[in-house]
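Colleague: Residue numbers (the numbering used here), protein chains in the order written: chain A, 1 to 125; chain B, 1001 to 1249.
One should not assume that every hint holds.
Computed list of lysine-lysine pairs in DSBU-like fashion (alpha-carbon distance at most 30 Å, straight line) [to be verified]: (1) A/Lys-32 to A/Lys-86; (2) A/Lys-32 to B/Lys-1243; (3) B/Lys-1243 to A/Lys-63; (4) A/Lys-63 to A/Lys-32; (5) A/Lys-66 to B/Lys-1243; (6) A/Lys-32 to A/Lys-66; (7) A/Lys-66 to A/Lys-86; (8) A/Lys-86 to A/Lys-63; (9) B/Lys-1187 to A/Lys-86.
Examples of chain A residues lying across from chain B (beta carbon under 10 Å, computed) [claimed, not checked]: (10) Asn-27; (11) Ser-30; (12) Tyr-42; (13) Pro-48; (14) Asp-53; (15) Thr-62; (16) Val-73; (17) Ala-74; (18) Arg-77; (19) Tyr-78; (20) Gln-104.
Since the hints were made in silico from the structure, they are not lab data. Backbone N, C-alpha and C fix where the C-beta goes; we use that ideal spot for every residue, glycine too.
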Amino acid sequence: MLSRPFAALSMLLVAAGSALAHHSTANFDSDKTTTVTGIVSYVSFTNPHSFFDMDVAGADGTKQYKVFATSKVALLRYGWRPDSVKPGDRITIEGRPDRTDSTQLYMLRITFADGSVWSRDEILQ
Amino acid sequence: MIRGAVVPTLKAALALSAVLMSALAAAAPSPPVDFTGVWMPTALGPDGNRNRTWPAMPPMLPAVQKAYDEYRVRADADPEEYDNARSCLPYIMPRPMLVVAQYPLEIQQTSDRLTMIFELHNDVRRIYLDGRTPPSGLRPTWMGYSVGHWEGDTLIVRTTSVRDGTVDQPHGPRLTLTERFRLVRDKDGQTMLEDEITVDDPATYTAPFTARNYFRQRPGVEIGEYFCSEDLWQQNLSGNTTKIPWRNN
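Input sequences plus hints: build the corresponding full structure.
Modeller: If you want it as structure tokens, here you go:
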């Protein structure tokens, strides 16, 4: 799904955590990883940050998760497109949970509806 | 009769001055280095090690330190409230030069000006190379007022009139930044742009200190748009009203 015109960018980018340098990531627990699969209900492919809302079915009912990612302008450079994630898509997110609200995740890795994968690790060497 | 003599003399003088001006212009040395292009800040410095832009900073003066400590208590208690993503305000110099993540800047250089177009916050920085001195009575701005000149292959840029308020690196209105821009080679022989920034603010710090950042030219990269309130606008368009943590909504 994602073109990779700037694979060389992996050389360039920065210490983990600084991709959101102008927005605090202290609220996300860097010691924990949560993986959820659900249906996207809202996509904000935007600056200064992108986020998705997704409905995740569990034993105690359906919860809405909010998934944060970096800016639109940066994701576009990494090969994302405005419709890479759409409402109705079934996606899987691996992310760092918020320390006080476990339904908020900072995205590390996404499996798109078509099964392809994008990982933040690839850009943070 | 006299008037008739004066006019040709004036004309001759004007013609002579025009010749002199063009001769001077031709004699003016062209810039020794052209930094024009799109540059991406790097994670790794020229030695291949992690690029640490800020050095250990000298102590602040006691009164500044006290005010800064009080600020930190407030900011650390509510990082989102104090996050500039909430306000969408740009960075204050020298921070735009010390970004190390994923946002390129474009340099356009002519003989009398160097313009930096930053993707992050759509910022623009103008560095005047025409020999001017900063006008008196400037009001402080986020980018400050920058004038530069060449010393060999190094562009020396002096920036004053920077507004206060930088969060992580406080400074006062008498801050002077001296930057040295030059091309360097990394350990593999590849070209990098080095910006060495000396921060001199005797009203804030007990001594000057120097920070560095490095950039690689990326011919395939274009500067994108970064309008910092798209998330709010999209909510207006869509009717979505969920809380965005970095906003007050």
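Colleague: Determine for every hint whether it applies to the structure shown.
Modeller: These are the hints, each one checked on the structure:
Restraint check for A/Lys-32 and A/Lys-86: satisfied, since their Cα atoms lie roughly 27 Å apart, inside the 30 Å limit. Among the hinted pairs, A/Lys-32 with B/Lys-1243 is consistent with the structure: their alpha-carbon atoms are about 23 Å apart, no more than 30 Å. Only pairs whose Cα atoms come within 30 Å are accepted, and B/Lys-1243 paired with A/Lys-63 is accepted, the gap being roughly 15 Å. Straight-line distance between C-alpha atoms of A/Lys-63 and A/Lys-32 comes to about 19 Å, which keeps the hinted pair within the 30 Å bound.
Distance restraint check for A/Lys-66 and B/Lys-1243: the Cα-Cα separation of roughly 10 Å lies within the 30 Å cut-off, and the hinted pair is therefore satisfied. Of the pairs offered as hints, the one joining A/Lys-32 and A/Lys-66 holds, with about 16 Å between alpha carbons and a cut-off of 30 Å not exceeded. Under the criterion of a C-alpha separation no larger than 30 Å, the hint pairing A/Lys-66 with A/Lys-86 is consistent with the structure, at around 14 Å. For the proposed pair A/Lys-86 and A/Lys-63, the alpha carbon gap of about 18 Å is at most 30 Å, so the pair holds.
Taken as a hint, the B/Lys-1187 and A/Lys-86 pair is broken in the structure, with Cα atoms around 44 Å apart against an allowance of 30 Å. This hint holds: A/Asn-27 has a C-beta 7 Å from the nearest C-beta of chain B, less than the 10 Å allowed. For A/Ser-30, the suggested interface contact is broken, since its CB lies about 15 Å from the closest CB of chain B, more than 10 Å. For A/Tyr-42, the interface hint holds, since its Cβ comes within 10 Å of a Cβ in chain B; the closest pair sits about 5 Å apart.
At a threshold of 10 Å, the smallest CB-CB gap from A/Pro-48 to chain B is about 5 Å, leaving the interface hint in force. With a least beta-carbon distance of about 6 Å to chain B, the hint placing A/Asp-53 at the interface is held under the 10 Å criterion. Taking 10 Å as the C-beta contact cut-off toward chain B, the hint placing A/Thr-62 at the interface is violated, the least distance being around 15 Å. At about 4 Å, the closest approach between the beta carbon of A/Val-73 and any beta carbon in chain B falls short of 10 Å, and the interface hint on this residue holds.
Annotation: interface hint on A/Ala-74 holds; nearest CB of chain B at approximately 5 Å, less than 10 Å. Look at A/Arg-77: its Cβ gets to within about 7 Å of chain B, closer than 10 Å, so that hint holds up. Restraint check, A/Tyr-78 versus chain B: the minimum CB separation of about 9 Å is within 10 Å; hint holds. The beta carbon of A/Gln-104 comes within 7 Å of a beta carbon in chain B, closer than 10 Å, and the hint placing it at the interface holds.
Against the hints set out earlier in the document, violations occur for numbers 9, 11, 15.
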